[in-house]
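Novice: Since the structure of chain S is provided, determine the placement of chain F on it from the hints.
Chains S and F supply the protein sequences, listed in that same order.
Be aware that the first sequence starts at 1, since it is given in the numbering used here, and climbs by one per residue.
Be aware that the second sequence starts at 399, since it is given in the numbering used here, and climbs by one per residue.
Hints listed in this document are in silico derivations from the structure and should not be mistaken for laboratory results.
Ideal Cβ positions, reconstructed from N, Cα and C, are used throughout, including at glycine.
There's no promise every hint is true.
[To be verified] Looking from chain F toward chain S, a few residues come up when the C-beta cut is under 8 Å (computed): (1) 407; (2) 438; (3) 441; (4) 476; (5) 478; (6) 487; (7) 492; (8) 495.
[Said to hold, decoys possible] If you want the footprint, here are the derived chain S segments under chain F, 3+ residues with CB under 8 Å: (9) 99–105; (10) 156–167; (11) 182–196; (12) 205–218.
[What the hints assert, rightly or not] If you want the ones that stay clear, here's a sample from chain F, every Cβ over 12 Å from chain S, calculated: (13) 426; (14) 427; (15) 451; (16) 482.
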Amino acid sequence: MADFLGFRRADGSVGIRDHLAIVAAMDNANPVARRIAAGIAGAVPITAAYGRGQVGQDLAQHDGTLVGYGSHPNVCATLVVSLEPVSAERVASAIAARGKPVEWIAIQQAGGTVKATEAGIRLGTRLLQHAGGTAREPAGLGELTIGLECGGSDALSGMTGNSTTGVVADRVVAAGGTVILSEIEEIIGAEHILAERASDETVARQLLEAVARCEAYADYLGLDMAPLGDDNVRGGLTTTEEKSLGAVRKAGTSPLVEVIGYGERPSRKGFVFMDAPAPGTENVTALGASGAQLILFNTGVGNPIGNPIAPTLKITGSPNTAIGFADNIDVDVSGIVKGQLTLEGAGDVLMAAMLAVANGRLTRSEALGDTEISISRVDIGFLNRVWRNGGRSLPGAA
Amino acid sequence: MAESEGQTVMAIRIDADDNVATAIVDLTADSEVTVAAGAQIGRTTVRQDVPYGHKFALQPIAAGEPVLKYGAAIGRATVAIEPGQHVHSHNLESDRVRGDRHLQAGSA
Numbered sequence: 001m002a003d004f005l006g007f008r009r010a011d012g013s014v015g016i017r018d019h020l021a022i023v024a025a026m027d028n029a030n031p032v033a034r035r036i037a038a039g040i041a042g043a044v045p046i047t048a049a050y051g052r053g054q055v056g057q058d059l060a061q062h063d064g065t066l067v068g069y070g071s072h073p074n075v076c077a078t079l080v081v082s083l084e085p086v087s088a089e090r091v092a093s094a095i096a097a098r099g100k101p102v103e104w105i106a107i108q109q110a111g112g113t114v115k116a117t118e119a120g121i122r123l124g125t126r127l128l129q130h131a132g133g134t135a136r137e138p139a140g141l142g143e144l145t146i147g148l149e150c151g152g153s154d155a156l157s158g159m160t161g162n163s164t165t166g167v168v169a170d171r172v173v174a175a176g177g178t179v180i181l182s183e184i185e186e187i188i189g190a191e192h193i194l195a196e197r198a199s200d201e202t203v204a205r206q207l208l209e210a211v212a213r214c215e216a217y218a219d220y221l222g223l224d225m226a227p228l229g230d231d232n233v234r235g236g237l238t239t240t241e242e243k244s245l246g247a248v249r250k251a252g253t254s255p256l257v258e259v260i261g262y263g264e265r266p267s268r269k270g271f272v273f274m275d276a277p278a279p280g281t282e283n284v285t286a287l288g289a290s291g292a293q294l295i296l297f298n299t300g301v302g303n304p305i306g307n308p309i310a311p312t313l314k315i316t317g318s319p320n321t322a323i324g325f326a327d328n329i330d331v332d333v334s335g336i337v338k339g340q341l342t343l344e345g346a347g348d349v350l351m352a353a354m355l356a357v358a359n360g361r362l363t364r365s366e367a368l369g370d371t372e373i374s375i376s377r378v379d380i381g382f383l384n385r386v387w388r389n390g391g392r393s394l395p396g397a398a
Numbered sequence: 399m400a401e402s403e404g405q406t407v408m409a410i411r412i413d414a415d416d417n418v419a420t421a422i423v424d425l426t427a428d429s430e431v432t433v434a435a436g437a438q439i440g441r442t443t444v445r446q447d448v449p450y451g452h453k454f455a456l457q458p459i460a461a462g463e464p465v466l467k468y469g470a471a472i473g474r475a476t477v478a479i480e481p482g483q484h485v486h487s488h489n490l491e492s493d494r495v496r497g498d499r500h501l502q503a504g505s506a
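Bound conformation, chain S alone:
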């Protein structure tokens, strides 16, 4: 029996949306990309800051993220827009190599904004009519990759929304699917629990090294890098460890099979950890780039943001937020603290809502347009080099 109906793609993946992606290769092309998307029904602009003049790891992460969106299972075809042909062709070729129909335009070649917009709408419309609109077909839960996120956490997030997400994560993994936990700062203090669940020593070591890099960065900066916002603290969370112990509940109880980098695609099925920063928009951007078709986003005090390509369900276990932030909430599991809902029962509610979204029901963030792309900068590249040199002192340090 099918769990949901999705769009079968040439690379073997299954999409839950059939978007035409208009990917701006750099920020100076964002306005043209948005104008093209506005001119084509079903087109979604992917417009991030930066991209021009980037080098090294920053360029690789920027391009890699855009390629992740351009080749995403929820995308039927992609139009890349850039200022000049070299970057446009570079991003488009990488998307084509993943088997996705793709075209590119360069604003300089096209002759400016108006002509590029016209050419883009024409090319995009052709792409959409060629690649889009195939029928939905039966698909299984095990064909889903689900990103796990929490933002605007309060002290009850761990016990309620995150634990509910953990119940669903376990069911997805049991069905043969993949769940991706991320937010490196938000496993600090709980990494021992995840490391114990690692499928082998290499995976455990990679996880602990990612945490150690984070601690080393805090030392390098000389700052308390607690990933707590003022809203978290008002919500009753006091320390990094406390936030983390609640946050990792999203990942359920299955073995950790792989550690991946920012926006990378998992190579294994099951529970995967992605080393990417915690702030909501950046992290959801990284999760979407990995090919996750859907994101479960638990919020305690309220956070509206979703992903433009990977539908993002907003879950809350906070009775106050369920009422006060209702316009942005897809799934209310606050019955847990009121004693009206068991965790398994809450898992059933979330699973049903998730499969409805997989079948095409819009999430609140999709319907409201509360979606954004924000690619993290790798400014710690310098630190990474020091780290690899065995922790050699930084210039200027005593």
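Specialist: Relative to the frame of chain S, chain F by itself:
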């Protein structure tokens, strides 16, 4: 904690090892509150106002001792904490990603 049934739960002790509980309603100073710990329901008195979502001590915690929630350390008490007292940034401190301490140690 004593067992009593038919009570509205006002706070939750997540793990049997925890020395703090989390309020699930706003609690008022010097009021008696019901605390759920798994299937067990107990009663205790909070000595200070504890807002929804915030923590209070279930037993004495000496300065420097770990504060336990989810059955794990969430940091250390910076001062002695009495049962029923609000536990938050004023008396609990993290031990992780504390580059500020590293800097102090390095410049000392």
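Novice: Does each hint hold? Answer for all of them.
Specialist: Right, here's what the structure says about each hint:
1. 407: Status holds, d = 6 Å.
2. 438: violated, 14 Å
3. 441: violated, 17 Å
4. 476: violated, 11 Å
5. 478: Violated, about 17 Å.
6. 487: Holds, because the Cβ-Cβ distance from residue 487/F to chain S comes to roughly 6 Å (cut-off 8 Å).
7. 492: Status holds, d = 4 Å.
8. 495: It holds, given that the least Cβ distance between residue 495/F and chain S is near 4 Å, below 8 Å.
9. 99–105: violated (count 0)
10. 156–167: holds (count 3)
11. 182–196: holds (count 5)
12. 205–218: holds (count 4)
13. 426: holds, 16 Å
14. 427: The assertion about residue 427/F holds, with a minimum of 17 Å to chain S.
15. 451: Answer for residue 451/F: violated, closest chain S Cβ roughly 3 Å.
16. 482: Holds: least Cβ distance 16 Å, greater than 12 Å.
Violated hints, listed in ascending order, are 2, 3, 4, 5, 9 and 15; each of the other numbered hints is respected by the structure.
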